[in-house]
Structure formats: C-alpha cells, structure tokens
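A.B. asks: Once you have looked at the hints, place chain C on chain B.
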Amino acid sequence: MTLKKTPVYAMHLKYHGKMVDFGGWDLPVQYEGIIKEHHQVRSKAGLFDVSHMGEIDVKGEKSEEFLQHLVTNNVKKMINNQVQYTPMCYPNGGVVDDLLIYRYSTSHYLLVVNAANTAKDYEWIFENAFEGVTVKNVSADYVQLAIQGPLAQKILQKICDTDLEQIKYYYFLPEVHLAGISCLISRTGYTGEDGMEIYFAPEHAEKLWEAILQAGGNDITPIGLGARDSLRFEAKLPLYGQEMDADISPLEAGLGFFVKLDNDDFIGREALIRQKASKPGRVQVEFQMLERGIARSHYEVQKDGQKIGWVTSGAFAPSLDKNIGLALIDRKYAEDGGKLDIMIRSKPVKAQIGKGLFYQKKTRQKG
Amino acid sequence: MNIPNDLLYTNEHEWIRVNGEQAYLGITDFAQHHLGDIVFVELPEPDAEISVGESIAVVESVKAVSSVYSPVTGMVTENNEELENSPELLNEDPYANHIAVISISNPDELNSLMSPEAYAAFCAQQEQEEEI
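First to last, the sequence lines map onto chains B and C.
Mapped onto the working numbering, the consecutive letters of the first sequence carry residue numbers 1 to 367.
Mapped onto the working numbering, the consecutive letters of the second sequence carry residue numbers 1001 to 1132.
Chain B on its own, in the form it takes in the complex (with noise of 0.2 Å):
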C-alpha cells in the first residue's frame, strides 16, 4: 500500500523526521528524540504537522439545527469565530467520533476530525443531514499547522498582520495572514500547553513551515508524531480509539462535561439518559504506579486476580517523570486511593487510583 503523504512532507525529509506509517500516513514519529520534542513544547515552542486530520463543511440555513441534532455537545451555544470539543455518538451512546467545530455562521460550520475517522465520519454525517444542509469532505483542500508552547504566540506575532491576542481560548479568525499566506489560526491544540492551530492552502505549505520555523529561531524546532502522543496524554486529554469508540460512551469516558442531556433531541441521547441514570457500569480512572513498570494502552487491570477494566492510555509522563495511566474499570473499584493490579507481561504490578495525577494544563481559561 502507499503511503498518503501531507503537503509538508517535503519538510519532514529535510528536517530528518523518522518516518512511519501512521494509520496510511506516511508522517514523522520524532526528529531529534520523543523526550526532548516533548521539553521543547513545554518549555518553549514546537511546530506540528497535523494536516492528516480531516476537515467537514457544513453549509446551509438548517447547519445549526443539524449539528445540534449530531452532536453532543450544545452547538446553539456558540457565537460566531467560537471553536468547540464535542463527542459524536451513534443512537446507543458509543462514540463516532470526537471533533471540534468551528462557526462561521449559524449557516456554516467546519468539522475538524480525527484522521482514520475521517471517510467514516463524512458517511454518517451525510447520511443524517437535514435536508438543505451541504455536507463536503474537504480535508484535501488544507494544510494544518500545530505551534504549541508558551512562546507559540510570540513567535507566530512576528509574521502576522493581525493582533493575535484578540484569539481567545477556543476563538478563530478566519482570514489572517502569516507570512502573507491567508489562514484560519484558532486558540487550540491537544498539548496542554497555549498555542494555536493553522489551516491554510496545501501550495503553501512549505513556505510557511519554514517562515514559522525561521520566526522562531532556537525556540521552535518541529515535534513528532511520538511528542504529540505524550504530550496530549501527560495533560489527560483523550484519544478515539483509546479513551473513547464505539463501546465506550463518553460519559464512561469521563467526557460528561461536554455531553448536554438538557439539549433538545439528539443523536445518542435517550441512550445516554439511561446511562445516566442508572449510572455506567464502567468508569474511567486515573491512576499512579506504585511497583516498577509502565502501564500500556489495552493492559488487563485486574482486582483479587479477576478482570475489571483496561488500560486506555499509560505511559512514562516526562513532565511529571512517573508512570501514570488512565483505565476505564468497573464502577465499584473506581474509589480514591483504589489498589489496583495492571497486567504487565501476565504478571500484577500494583497500581493506585488518584486524582490530579496529569499534568496542569498551561492553557488559557475560557472567555
């Protein structure tokens, strides 16, 4: 099979990213080492390419109706050049997908989705359009940039036209320019750190790579796939497939905040009132080492040598320097202070359950 390669990768050879396949895309997993990539964002500033997620265009008078019929979230809420996380979930409370929308308009939104979702994604929101609503797979028609980091601002004002500070905390605008390339920059990103995200046409792509790279100087240095990884689990931030699919709805997922059951009729939410209701029988916990080793994603986590839930994400935390992990167990094992076994190579490594255990988002507060 061939390898889909972004607009930038161009950038990546120069750059000696280690290329792998991720999930079809042929895409950096590090350039210089996972651990520094990941210091770099949190001390200073670091460039992503992300132009592998997907991009949906929703377009046409009845969009808002509709999209608040999709999702979970309360898309009536937002207010124009206003960004918002939602899960997307299937009639029975399982997760399509997590995305984040972005209002142009009440007639106009773009659906920012997860990479390997992104076909399956466009069919099922296509098939649940209202009538009069456009729907449009345009992932093709961007480039998408990642600058994380405290200095991610400062670096990209110096080749901006516009003041940047006016992009609040999950706030776009739509027409700015960077280096007099045209771009929708937002206050977004999945590091736990301030920063932006950048969609623009793929024929500039290595134009404004390399002017951001060059704005920067020894602040910015490119950051990989491994990085991106580490630093969104560090800051608890979930991943599809992990913390959350089709089996696992978003309030066992500890994604409840962004689940509106106040909301009029939507997609999942008789489902998810009866979860609610009769509480989930699994729940997500966070979780510290206590013996030597590193919890993986899908571990067995066992009680008294008997199963009751996995590991969705674990890893070494190289901000905190600890082994910590998020697992989604049965609800009456879920208490503060828990003991849990995680199944390291069939044998029981203990575990206890905490909160606070990730790392403090360094992002700006809401408003």
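In case anyone wonders, no lab produced these hints; they're calculated from the structure.
There's no promise every hint is true.
Capping the alpha-carbon separation at 25 Å, the derived lysine-lysine pairs in BS3-like fashion look like this [to be verified]: (1) B:Lys-276 <-> C:Lys-1063; (2) C:Lys-1063 <-> B:Lys-14; (3) B:Lys-44 <-> C:Lys-1063; (4) B:Lys-5 <-> B:Lys-18; (5) C:Lys-1063 <-> B:Lys-5; (6) B:Lys-62 <-> C:Lys-1063; (7) C:Lys-1063 <-> B:Lys-18; (8) B:Lys-322 <-> B:Lys-279; (9) B:Lys-4 <-> C:Lys-1063; (10) B:Lys-154 <-> C:Lys-1063; (11) B:Lys-347 <-> C:Lys-1063; (12) B:Lys-260 <-> B:Lys-5; (13) B:Lys-332 <-> C:Lys-1063; (14) B:Lys-168 <-> B:Lys-36; (15) C:Lys-1063 <-> B:Lys-36.
Only some residues are given here: those of chain C computed to face chain B with a beta carbon under 8 Å [stated by the list, open to error]: (16) Gly-1036; (17) Val-1052; (18) Glu-1054; (19) Glu-1060; (20) Val-1062; (21) Lys-1063; (22) Val-1065; (23) Tyr-1069; (24) Leu-1113.
By construction, the Cβ of each residue, glycine as well, lies at the ideal position given by its N, Cα and C atoms.
C.D. replies: Coordinates of chain C only, in the frame set by chain B:
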C-alpha cells in the same frame, strides 16, 4: 552505526562480550537507535537459569516494548542495577552499559553468533528493507 569489532552479535540486535566463562550481554547501537528514548528496563534476577533464545530482560522506550533474548544458556551472575534508575544509559552508550552477565554453560552456542562484519551487513540489509 557503531559496531565495535571485539564483540559478537545476534540477529535480535544484542551484543555479547565473552570474558572467559562469562558473557556480558547488552543491546546494540542499532537497537537503541530504533527504539528511541529508553525509559524502562526490566532486569533478570541474579541466579536465574536462562536457556538460549529465552527472554532475559525487557527494554521499553516511550513508544515500544522490546524483549532482550539470551543468545546463550547459563546462569545470570549479575544484572546492571544502574539501568533501573538510569535506563537512558542504553541510549547514551549501549556498549559501555551491559544489561546482565551470564555464566556460559554451553560455549558451542557462541559459534552461531555473528561477527562484527556479518552484523554490519545484517544491519545494512535491515535498513534497506525499511526503505522499501
């Protein structure tokens, strides 16, 4: 790729330094480079009896979990405990930091290991396969 010429090698990218009846065992530069940042090492118990081809240790990087296989039968006489607190030493100098020492019970097994020249060719071939 650093391949010292006084060691023997396996096709699982372990190195062996034979010192009388003792075999010092570690992972190669190729191995550490491909694993990336190493964050955890699980060592064998001293006195453990090990058969040829058996997993003797586990090395974990940020992204990957990888077993280290013993190329010889024998008993573990020493493990390098320093790696428990400083697993990154395997990235910094994989040849100066062995994982374990094994007393060799069947020296004939050493004959199936690769010379530095053979191992260099083996690595080159693996790199080429990755390119495809």
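A.B. asks: Against the structure, test the hints numbered earlier, and report the numbers of the ones violated in rising order.
C.D. replies: Hints 1, 6, 8, 10, 12, 13, 14, 17, 18, 23, 24 contradicted; others consistent.
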